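K.L.:
These are the residues of each chain, in order.
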Amino acid sequence: MLKELFSQDTAPHATNVLIGKLGEVLIRAVGKPLNLAVNWGRLWSLWPVHLETACCSVEFGAASSPRYDVERFGIIEAFGSLRQCDLIVVMGTITRKMAPRLRMVYDQMPDPKYVIAMGACAITGGLYFDSYNVLPGIDGVLPVDVYVPGCPPRPETLIQGCMLLQEKIKRMKAV
Amino acid sequence: MTTPLPPGIELEKIDERIMTLNVGPQHPGSGHMRLIIKVDGDYIVSCDPDPGYVHRGEEKMAEYRNYIQNIPHLERPVIHDSSNILYPYCLAVEELLDIEVPERAKYVRVIASELNRCIYTLYWLAIYGIFLGHSTMFMWPAGDRELFIDLLEAMSGARVTHAFLVPGGVRNDLPANFEERCLRQVNYFEKRLKEYEAIFYQNPLLIARTAGTGILSRTDAIRLGTTGSVLRASGVDFDVRKKEPYDVYENLDFETVVMKEGDSYARSRVPYLEMFESCRIIKDALQKMPKSGSVRTKLKPNPKGGNDEVYRRVESGRGALGYYIVSNNRPEPYRVKISVGSFRNLICIPYLLKGEKLGNMPAVYWSLNYWPVEADR
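Protein chains in written order, with the working numbering: chain H, 1 to 175; chain V, 176 to 552.
Heads up, some of the hints might be wrong.
Unchecked claim - Every beta carbon over 10 Å from chain V, so not counted as near; a handful from chain H, in silico:
hint, residue
1, N16
2, G20
3, G23
4, E24
5, R28
6, R42
7, W47
8, T53
9, L82
10, K97
11, M98
12, D111
13, K113
14, G137
15, Q160
16, E167
Claimed, not checked - Not everything, but these chain H residues come out facing chain V in the computed CB check (under 10 Å):
hint, residue
17, S45
18, V49
19, E52
20, C56
21, V58
22, F73
23, Q84
24, D107
25, T124
26, Y128
27, D130
28, Y132
Treat the hints as calculated values from the structure; they're not laboratory data. Just so we're clear, the structure is a prediction, and the values are computed from it rather than from any experiment. Yeah, the Cβ is synthetic: ideal placement off N, Cα and C, and Gly gets one too.
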């Protein structure tokens, strides 16, 4: 059996299998702690994109105010370059004019990236479900990780949504 | 030009010297809108604003909801100034349906409106501070704003979207001990406002960035049809609360703030000085308010407007805000037109930014007291 494996014509294949098996063993040994470490790093420094899409941005701003202070939970205030961001909070209504821009912004962000749909409008269209210019939710545009309901959500609700996202990241497969 | 470029690629000619920049909708210096700016080196040659990213068809939606159902979605364009955007709607519907408003309700409305004006102005001031890189000026107004939000939450039950003003008065009476609480917080807030003067308005960096930039002359302000703080910063004494007093504003003691300079500094200072006047109005209204009585006239279910049209306007945080409602004997309005202050102030951006430095763009743009969601409706 072994002799057959290591014979001349099957040797490259066998080495590959062996390396593969070794890799599996290695990942089983190192993977879990590595996963934890990588996720820990991603967890506590979420940078949101500064893309205001509608009126929920008022409550997003209030969440960074001294009373709510979302920075305590590792969500950094939305300033800086798009290329350094890994979180996009869709703040409310997405109109037909904004939807392509939203997708462009999402495509330019580096992986891994997460999406929070904030407010009833981003989830289902909300109060504007029958308006001619509003998308019924952003599910058709972006893959959403966490839905934060409310019209608009209170800053506490947004913070809870961010913490749910962190719980999700903890359980994600990083390596 | 030594080597020919491959087909399909064009470089700008050097003698044109013009570069086009897109500012927004994803940009820390813009709101929910785009400015197409052409620059020559550091100087802006032309600016073309491109609003409409939050156009949600409010006016069309108002045509298939009845007069009471229209309230929640009509306050969404400015959720942090929701009483003031509903105020003209309530006045117009009351005129259309012939509703008499109780005396106490008129005072409660004025208090709600002035509290909301402070909330709006503080949010604007916080954003103005952070866009100029002054993060203390974000933290202070954003923190003080919560005091007034608490007051309005006690009044109406909601944090920002109150739907407190309804045709026929206000939705519910004031809670117990509201007068003392309101007076205490307004007195505290006046003390805090004086501290803003030292940290923000006397700050040499702010003065260097805003004084003398984006000057709008008195004649231009009138010619372009600007309104609100932009108009008053250019030396025109126009305030709807004084010139066409609605509800009980004629009984109350306050003054309009007018500045002559017409630059970004004056435009950023007028709303700040108006907050003192708002505090004065609130204190005066609390004193003159009837201590008991009804606050809401009961309406018939599904009331019908006559064959009529009305136009009423009030002074909002951003200037004159008017509703034009046409009715044709049906429970739903036939046509609702909302004339908002933000959109009328947007028109002067191309005039103000021409010849400015690119770095002054956020200072000029945010001094216009502009809220894009309201402008797009």
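K.L.:
So which hints don't hold here, by number, going up?
P.N.:
Per hint list: 8, 9, 10, 11, 17, 22, 23, 24 and 25 violated.
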